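Chemist: Residue-level listing of the chains:
Number of protein chains: 4
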Amino acid sequence: MDSIGTLLSLTTFGESHGPAMGGVLTGAPSGVPVSLERLQAFVDRRRASGAHATARHEADRVEILSGIYEGVTLGTPVGFLVRNADVRSADYQLWADAYRPGHADYTYEAKFGLRDWRGGGRASARETVARVVAGGIAVQILERLGVTVSSEVSQIGTATDADSMRRQLDQARAEGDSFGGIITCTIAGVKAGVGEPTFGKLQSRLAAAMFTIPAVKGFDYGMGFAGAAARGSEVIDRFLPDFTTAANHSGGIQGGISNGADIYFRVAFKPVATMMRPIDTVDRHGREITVEPRGRHDVCVVPRAAVVVESMAALTILDAILLNRSSRL
Amino acid sequence: MDSIGTLLSLTTFGESHGPAMGGVLTGAPSGVPVSLERLQAFVDRRRASGAHATARHEADRVEILSGIYEGVTLGTPVGFLVRNADVRSADYQLWADAYRPGHADYTYEAKFGLRDWRGGGRASARETVARVVAGGIAVQILERLGVTVSSEVSQIGTATDADSMRRQLDQARAEGDSFGGIITCTIAGVKAGVGEPTFGKLQSRLAAAMFTIPAVKGFDYGMGFAGAAARGSEVIDRFLPDFTTAANHSGGIQGGISNGADIYFRVAFKPVATMMRPIDTVDRHGREITVEPRGRHDVCVVPRAAVVVESMAALTILDAILLNRSSRL
Amino acid sequence: MDSIGTLLSLTTFGESHGPAMGGVLTGAPSGVPVSLERLQAFVDRRRASGAHATARHEADRVEILSGIYEGVTLGTPVGFLVRNADVRSADYQLWADAYRPGHADYTYEAKFGLRDWRGGGRASARETVARVVAGGIAVQILERLGVTVSSEVSQIGTATDADSMRRQLDQARAEGDSFGGIITCTIAGVKAGVGEPTFGKLQSRLAAAMFTIPAVKGFDYGMGFAGAAARGSEVIDRFLPDFTTAANHSGGIQGGISNGADIYFRVAFKPVATMMRPIDTVDRHGREITVEPRGRHDVCVVPRAAVVVESMAALTILDAILLNRSSRL
Amino acid sequence: MDSIGTLLSLTTFGESHGPAMGGVLTGAPSGVPVSLERLQAFVDRRRASGAHATARHEADRVEILSGIYEGVTLGTPVGFLVRNADVRSADYQLWADAYRPGHADYTYEAKFGLRDWRGGGRASARETVARVVAGGIAVQILERLGVTVSSEVSQIGTATDADSMRRQLDQARAEGDSFGGIITCTIAGVKAGVGEPTFGKLQSRLAAAMFTIPAVKGFDYGMGFAGAAARGSEVIDRFLPDFTTAANHSGGIQGGISNGADIYFRVAFKPVATMMRPIDTVDRHGREITVEPRGRHDVCVVPRAAVVVESMAALTILDAILLNRSSRL
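Protein chains in written order, with our numbering: chain A, 1 to 329; chain B, 330 to 658; chain C, 659 to 987; chain D, 988 to 1316.
Treat the hints as calculated values from the structure; they're not laboratory data.
Predicted model, so just to flag it, every value in this text is computed and none were measured.
For every residue, glycine included, the Cβ atom is placed at its ideal position computed from N, Cα and C.
Treat each hint with caution, since some may be false.
Taking lysine to aspartate or glutamate pairs in the EDC-like style, the calculated list, with each CA pair at most 16 angstroms apart, reads [what the hints assert, rightly or not]:
#, chain 1, residue 1, chain 2, residue 2
1, D, Lys1178, C, Asp941
2, A, Lys191, A, Glu234
3, A, Lys191, B, Asp499
4, C, Lys849, C, Glu801
5, D, Lys1178, D, Glu1130
6, D, Lys1178, D, Glu1139
7, A, Lys191, A, Glu109
8, B, Lys520, A, Asp262
9, B, Lys520, B, Glu438
10, C, Lys849, C, Glu767
11, C, Lys849, D, Asp1157
12, D, Lys1178, D, Glu1096
Covered stretches of chain C (chain B as the covering partner; in silico rule of three or more C-beta atoms under 8 angstroms from a C-beta of chain B) [to be verified]:
#, stretch
13, 723-731
14, 822-828
15, 850-857
16, 924-931
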């Protein structure tokens, strides 16, 4: 339940204001050099910076506890930690008995009967730091296989170019509001034949991975939602004599299996639910209350989420590549 | 790899023109009456009918082989079969050495080194009949828990009302073309607290399930892709004193866990790749060929796919409900 | 829950007196010729024959429904059936409301609230026929990898040579009693390096597989239970310059991973619980009853169980070999 | 691969001489008080002490990083660490290029192409400390369900009473030799109906769990290996009117499902492979060498292993109890 992946599998742990976030990455093949400097730089991409990001500043220094020896993967589980340092749980005290709208306070309590209310506990987006550590390792392994994962922010609010995006963010911040957006991710270099038929389709694994990221509300790949409105004759990917296709409406996947073209997909994020405005909500007893917001939050998580999307994509595709090794005798 | 679900798990088998499609549903709780008549009626909803559907007509009579005794589930695996009767493999002979564009012929061969070319083999949408058998059982179990799954075709091509949809289908058929569309599915009656945090989020399981359905290119839930462009202040779901919410932008899920509101999501299908037009493609040796289409195909699979979407939704939500039984001591 | 194996996975279904036993074998690599004649001969080894075996005679003809095309594995799920023909459920009517001692009647009902009482239902050893079908396929795949699985009956009751074994069986039959025994199984040809550290150790997977076989009460490998009483200096396997070992006390496994020597283990079976004697037991209401035995049973299942042991061993080792393909980059 | 359990699942990590051993326990139900003092005391039972144990002394202080808040389980993953402090890797330098007989040095290298040679790396029995942390939590949860797990050392070498055991250990130590032994474990208080049919049988899960413990060579339950030689008429467990049984040859399990009686089983350990004697072996190049032993080792691991056996039993039975919650609607 708290793991993802079949052969390459990640389990994470940690509450936002507990001692540490961390995880265990199992099934990473042995013999791969992993640069801890590059890994740290990858994790740093997720850190808050700039005017639109939360004021919480974590050093997010990665501690590798096992599975890498003398800079090379051993094939054994990679355990790792990132300490939580800059916590101000007092900011959240007011939520100990009340439910933030648009957050998981109420649903966690409905499920578990209790929750760690400090900083959103387990439901905090801080959980994603552990994914980025694992993803950063996967990215370095994938490189050796000629596979690269990249992403770009293709929409913030209604804006689709850099200037408008910045304006939207400035505006949201000035008004104490928030925006969502869309990230487009591309996986290049995957050979044809990766992915499993039926219930292990590549798009199914990718979608599953993306929807584990907090705030994600939509995923499509290739022609995606636009394909619903297209005619078959317009969007069919004609083969060329080298078995590549003239276009790539399919998004690099046919029947759940890669065809050698770039795999690309979009991930839609909702606006952040915590805004710098008074919040009308209810407490545990159903009493209506109005709360002045405290805590530190992003105006828009999308820029920071790009590396999370890449991480989940890297873990998913590496797992699929490993699985594919047993497809033929 | 060829199974889906954790406690309630479905494994399917069958090639389109082999002797039978079938599956095993494990983990269905014991003691639930299952009406085989109602199950057959549910499966019949998937059958081809009308002018826009394939001319292949299968009786699709469900044979239950185990797990149900005297009309009641035993708690043991439910094995079942649907025979393939109306097969015309000869229609497909021309594809034994060539790759249909927009299909999985090439990718299966890239993966496995060979394929059953008759009727699309394992990659045929006929595989979904086994899901509908299992889904039909899940639906009857869910009823006892007060949960219902329903769906509607909300878009075909560019059309969103019934008359326009019919016109688009007529037009596609006349022109030997095809259309995709969008199905909206709603799960009602799920209590708050169902779903797992982090990697077992309800939306992740639902998305994974939907993307295992052939031709699905997009999935979103709640405000979905539209949410990317919205302001946080517009889409936050304010709590009422009874812990329901004034609106349901969240789609019934917060932090991966149900909040008691309706769960709803959209599934986008691409147009059918096989059209009644000459097809330019390549054979196994990379030689360009043009093929006159044969075989029997739908102009648009969306109407028939609705019950497949409901089936996968039913299996997913029942699994999540069972999983949730161990969340508290 | 009702599946075994990670990459190569078997799910079975069927009640003893239902229409059929069957299963789905997923993850078998593509491109392997499978002789259906040899498969049938393998399954025939499990059939009852001789004076000490049950009088129930099933043809046990294997029906392959998918996954093998033109005699070669496709890489897709192999669905299969064996019909139940020679059922005499009336013999079991008397057990509909009573619990046979030494059987699972009571425990199934404690778990599920009801049971299929005909012929032991799902708990019948007839379930193992599905394993032998899958195992017979695994055996043919393993051959291509140079791996062979063999077994011998090394003990029946207290007898360890063929004449004494026969005498014990004759005696048990004459007295309406039953005996258990021990099967020794050897897997040869596995290269060094197969198996997973920690929780996927080869011995753990083999033991798990063996204890899923009805009536198995013990498993040990290499020096086994005898090793508990040995001195380290006596049982250490010294290396030779070619990395083989002088002796094989370790049973071909070190740290959960194969070392290239033969893997061998013992499986202990209890005596059959149904004997041809009046049985004192209780009914569902706790009333003491004495029952004259009916139904058809083996005096000793061990000879028929050998091929079941081999089947589970073959499935387990093939799975481990496939898993091992992802151990290194 | 590096996890065990279905709903309650443990993943461990750590090399013997790396910075720390640790793990993540997922699926522990929420709302259970966990005494960290009692947990530490449980882990302390595994620590080396006395004349026959290794001279390596680790404080083994448990650090809980998540999943327990204000002394109560949250239902979220419990991440934890135990630091490795008293490491003397230099003692192992001589094994960097040579293979210890009876250890996993060679097999790890055959599998992964490299290994962490310090202190046995991942294959060290030190790995079990993480299991005992998780097991100690499981034990506290089980108590609330009225289930207790206990064990006793029933054999060391050939000795079966306390005085003889001590003599055997003294002798082994004096001679630089080692002994194995047998642990008998009992699980009491499990209600009838726990365990899954077919591939999830309770005995299969228990055996699988025990064979993941280093040095385990045998497992049997109930009448075990002795049952192979018994007559059915002697060992059948007759029912009493309250559905308990007069005897308990079955070991508390019928058909893979608990019957309410005590579950008991034996676990056989081989003698420690490292002895205080010169060792003849080969290096990586196949050259014969003789090595004077260094490092710190137990003469017999069995006394320290008891709490490891209990831990694995506790994790397994709690998982089975949670799984059983979904058996009926």
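Chemist: Evaluate each hint against the coordinates.
Modeler: Against the structure, the hints:
In summary, the hint linking Lys1178 (chain D) to Asp941 (chain C) is not supported, as the alpha carbons are separated by about 19 angstroms, beyond the 16 angstroms threshold. Of the supplied pair hints, the one linking Lys191 (chain A) and Glu234 (chain A) is violated, its CA atoms being roughly 26 angstroms apart against a limit of 16 angstroms. About 39 angstroms separates the Cα atoms of Lys191 (chain A) and Asp499 (chain B), which puts this hinted pair outside 16 angstroms; it is violated. A distance of roughly 13 angstroms separates the Cα atoms of Lys849 (chain C) and Glu801 (chain C); the hinted pair therefore holds under the 16 angstroms criterion.
Between Lys1178 (chain D) and Glu1130 (chain D) the CA atoms are separated by roughly 13 angstroms; this keeps the pair inside 16 angstroms, and the hint holds. Distance hint between Lys1178 (chain D) and Glu1139 (chain D) is unfulfilled; the C-alpha atoms sit about 23 angstroms from each other, more than 16 angstroms. Only pairs whose Cα atoms come within 16 angstroms are accepted, and Lys191 (chain A) paired with Glu109 (chain A) is rejected, the gap being roughly 45 angstroms. This hinted pair does not check out: Lys520 (chain B) and Asp262 (chain A) have alpha carbons roughly 41 angstroms apart, beyond 16 angstroms.
A threshold of 16 angstroms between alpha carbons decides the hint, and for Lys520 (chain B) with Glu438 (chain B) the separation of about 45 angstroms lies outside it, so the pair is violated. At most 16 angstroms may separate the alpha-carbon atoms for a hinted pair to count; Lys849 (chain C) and Glu767 (chain C) exceed this at roughly 45 angstroms. Of the supplied pair hints, the one linking Lys849 (chain C) and Asp1157 (chain D) is violated, its CA atoms being roughly 39 angstroms apart against a limit of 16 angstroms. For the suggested pair Lys1178 (chain D) and Glu1096 (chain D), the alpha carbons sit about 45 angstroms apart, so the restraint of at most 16 angstroms is broken.
Interface restraint, the stretch 723-731 of chain C with chain B: holds (5 residues with C-beta to C-beta distance below 8 angstroms; minimum three). Proximity of the stretch 822-828 of chain C to chain B, defined as three or more residues with a beta carbon under 8 angstroms from a beta carbon of that chain, is not established by the 0 residues found. A stretch counts as covered by a chain when three or more of its residues have a beta carbon under 8 angstroms from one of that chain; for the stretch 850-857 of chain C and chain B the count is 0, and the coverage is violated. For a cut-off of 8 angstroms, the count of residues in the stretch 924-931 of chain C with a CB near a CB of chain B stands at 0, and the three-residue condition is violated.
Comparing the model with each numbered hint stated earlier shows that hints 1, 2, 3, 6, 7, 8, 9, 10, 11, 12, 14, 15, 16 do not hold.
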